[in-house]
Amino acid sequence: MAKPKLHRFAIRSSRKKTIEVIVANLFRLMTYCVILAAAYLFFDITANGSKAVFQGKAPFINIQFLTEKPQTLHVFEPLEPYNEIQKRRTQILQLQSKRKALGSNDTEQRTEYSEQIDNLQAEIERWDAQRKAERLKYSDDAYRALDHTPDLSMFKHQTYAYSGGGIGPAIIGTCLLVLGSIAIALSLGLLCAIYLSEYSRPGKTLQAIRLSILNLSGVPSIVFGLFGFGMFVHFFGWGVSIIAGWFTLAIMALPVIIAASEESMRAIPRGFREGSLALGASKWTSIRTNVLPYALPGILTSSIMGIARVAGETAPIMFTAAYALRDQLPWEGLEQPTDFFFQGVMALPYHIYVVSSKIPQNEYTRDMQYGTAFVFLFIVGFFALSSILLRIHVRSKYKW
Amino acid sequence: MNLAIQPERPKPNSASKAKAIIETRDFSFAYGPTQALFDISMDIHKKEVTALIGPSGCGKSTFLRCFNRMNDLIDNTRILSGQIKISGIDIYKRDVDVIELRKHVGMVFQKSNPFPKSIYDNIAYGLRIQGIKRKSELDEVVERCLRGAALWDEVKDRLGDSALGMSGGQQQRLCIARALAVKPKIILMDEPCSALDPVATAKVEELIHGLKTDYTIVIVTHNMQQAARLSDRTAFFYLGKLIEYGPTEQIFMNPENPKTEAYVSGRFG
Chain V
1 MAKPKLHRFA IRSSRKKTIE VIVANLFRLM TYCVILAAAY LFFDITANGS
51 KAVFQGKAPF INIQFLTEKP QTLHVFEPLE PYNEIQKRRT QILQLQSKRK
101 ALGSNDTEQR TEYSEQIDNL QAEIERWDAQ RKAERLKYSD DAYRALDHTP
151 DLSMFKHQTY AYSGGGIGPA IIGTCLLVLG SIAIALSLGL LCAIYLSEYS
201 RPGKTLQAIR LSILNLSGVP SIVFGLFGFG MFVHFFGWGV SIIAGWFTLA
251 IMALPVIIAA SEESMRAIPR GFREGSLALG ASKWTSIRTN VLPYALPGIL
301 TSSIMGIARV AGETAPIMFT AAYALRDQLP WEGLEQPTDF FFQGVMALPY
351 HIYVVSSKIP QNEYTRDMQY GTAFVFLFIV GFFALSSILL RIHVRSKYKW
Chain L
1 MNLAIQPERP KPNSASKAKA IIETRDFSFA YGPTQALFDI SMDIHKKEVT
51 ALIGPSGCGK STFLRCFNRM NDLIDNTRIL SGQIKISGID IYKRDVDVIE
101 LRKHVGMVFQ KSNPFPKSIY DNIAYGLRIQ GIKRKSELDE VVERCLRGAA
151 LWDEVKDRLG DSALGMSGGQ QQRLCIARAL AVKPKIILMD EPCSALDPVA
201 TAKVEELIHG LKTDYTIVIV THNMQQAARL SDRTAFFYLG KLIEYGPTEQ
251 IFMNPENPKT EAYVSGRFG
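Each protein sequence line maps, in turn, to chains V and L. Counting along the first sequence from 1, when you hit position 316 you're at 316 in this note's numbering, and nothing is skipped either side. Counting along the second sequence from 1, when you hit position 221 you're at 221 in this note's numbering, and nothing is skipped either side.
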């Protein structure tokens, strides 16, 4: 067969083109991997966490979970189904071992065992449904309020720490920590960035300062936690307190904020500064009226993102601000107003750490574990989203 | 070569020292280790247009920016010798307030740089930073400046619109209007037409010509015809030195220095 004659612009295969196609598809594949990983993470947490947060009947959101304090969960398992299930589980194990021990020729025997196992499984499911219908779950408060405890000859009593009640104090604590550290980090970071980008003279010293600030963002969070513990908790004598947590988180967020603010300010055209200076504006006036407003969208977005990132860290607050359990809300039981700043709080990241590492994983604790993670994800997402909306809003006001 | 020098132009009075508003004496200036200006002495006269011409990198923009101390913004700049006096005051003396100086000596930049605000706010900016907030006063100044920059009729219906929606030529005239708002005596222009098309250039030139009756204008330009059309006096710079300075007619028609002659006739630069 004669080859069709190729015209001048016809596609000809070559090694260069093959590489081109392979490279493009490699990039695509990697991107899909990242998206897939992120999607799985969100799906898993949302699917499991929504069980704790949402409910079938109005108001559809489990208010108790979001507002109550964590409590011990008291579970009363009905003994009869429990025992029946345990018995069948043992039988299944036995049968499985027997089936394993069979030679390869005993197909009949093998099918028989398999059928028996399936029957037992079905029975377990029936008993399990009964167990779920009959079991009693009480949070600590409700348990204490009971007039007479369930009959222990009919029920098996088990307790699970942290698994009852809700995560109200942790939500409040995290919001307090985030808001306070935004205020501190933004004011410190912005002033520092203004000085570095507008006032300081370029040179070796400035380079060194920039480099050290950048390096600060590479310091592991546990080191910040220990620094905060040594500096604020011990040296300043603030104890484990909100204010120590604020400063630790703020210092951790500073490098990101300074770098981003400086970048945003340097992106403002020189002409705006010169234009206003030539009209007789002082340096600060020119920065205030012609640099900051236009740099603000970028500064705010990256700062809030930075804080949201830092607020998710467990290590820095572990020693400085967070309590595993505290049965008072931050505004309860204050002797004087300043005590507000010098008290520890519960915080979601630390709560996640506690419930996922300190209590067993089973059907009674799962809701709390996933629910906390879901709520936390939602709060961090809310901060990130609001920063983006803020940027869109401010950006549309100042465009060049 | 058509130099288009208007015959009705009054002859600049070269002898009168009293009319000099900017006096430069032996002025030398350096960026770090590189000296940019060498011993420049020249007088710029009141209510005249003075053009600074010369090939790129000859120091004419640097010289212009010395008049309102814009070079202070650049690091490592220093004055090696000499002085610049504006209205008889040495502007590089320690007791000079740069802010007051810059109100007195306005500037229009090569690249038009209106602020990303409304047209009105752009003009009012210079007054607002001085603390003037009265609406009636601002309105009056905005109208006066826009009329002064021959822009009023084009924009009077859209003062609230963003200045960035204007055409390039309008933006540059807005920058001139903005400079007028703080009532300067001297206006420095650093190649104000270099980014404009011929029609917009013609409008800006017309405006400059009209401004001459009230302001002293110093203009840096690459365009020799523009210098010839606009200016009363012309200074030719070459490699940081002032080669020749005199009435425009003389520089273009009858230059004393062979380098000037070569440059204005287009043989180099």
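By construction, these hints were calculated from the structure, which means they are not laboratory data. Wrong hints could be hidden among the right ones.
[To be verified] Derived contacts from chain V toward chain L, CB cut-off under 10 Å, selection only:
(1) Ala267
(2) Gly271
(3) Ala281
[Said to hold, decoys possible] Computed list of chain L residues with no C-beta within reach of chain V, every gap over 12 Å:
(4) Asp72
(5) Ile79
(6) Val98
(7) Asp121
(8) Val155
These numbers come from a predicted model, not from an experiment. Where a beta carbon is used, it is the ideal one built from N, C-alpha and C, also for glycine.
Right, here's what the structure says about each hint:
For the restraint placing Ala267 (chain V) at the interface with chain L, the shortest Cβ-Cβ distance is roughly 13 Å, beyond the 10 Å limit, so the hint is violated. The interface hint given for Gly271 (chain V) holds, since its Cβ lies 3 Å from the closest Cβ of chain L, which is under the 10 Å cut-off. Look at Ala281 (chain V): its Cβ gets to within about 5 Å of chain L, closer than 10 Å, so that hint holds up. Its beta-carbon lying about 9 Å from the closest one in chain V, Asp72 (chain L) breaks the requirement of being farther than 12 Å from that chain.
Once the 12 Å rule is applied to beta carbons, Ile79 (chain L) is consistent with being away from chain V; the minimum gap is 18 Å. Not every beta carbon of chain V lies more than 12 Å from that of Val98 (chain L), the smallest distance being close to 8 Å; the non-interface claim is violated. With 12 Å as the threshold on Cβ separation, the claim that Asp121 (chain L) sits away from chain V is violated: the shortest Cβ distance comes to roughly 10 Å. Non-interface call for Val155 (chain L) relative to chain V: holds, since the shortest CB-CB distance, roughly 18 Å, exceeds 12 Å.
Comparing the model with each numbered hint stated earlier shows that hints 1, 4, 6, 7 do not hold.
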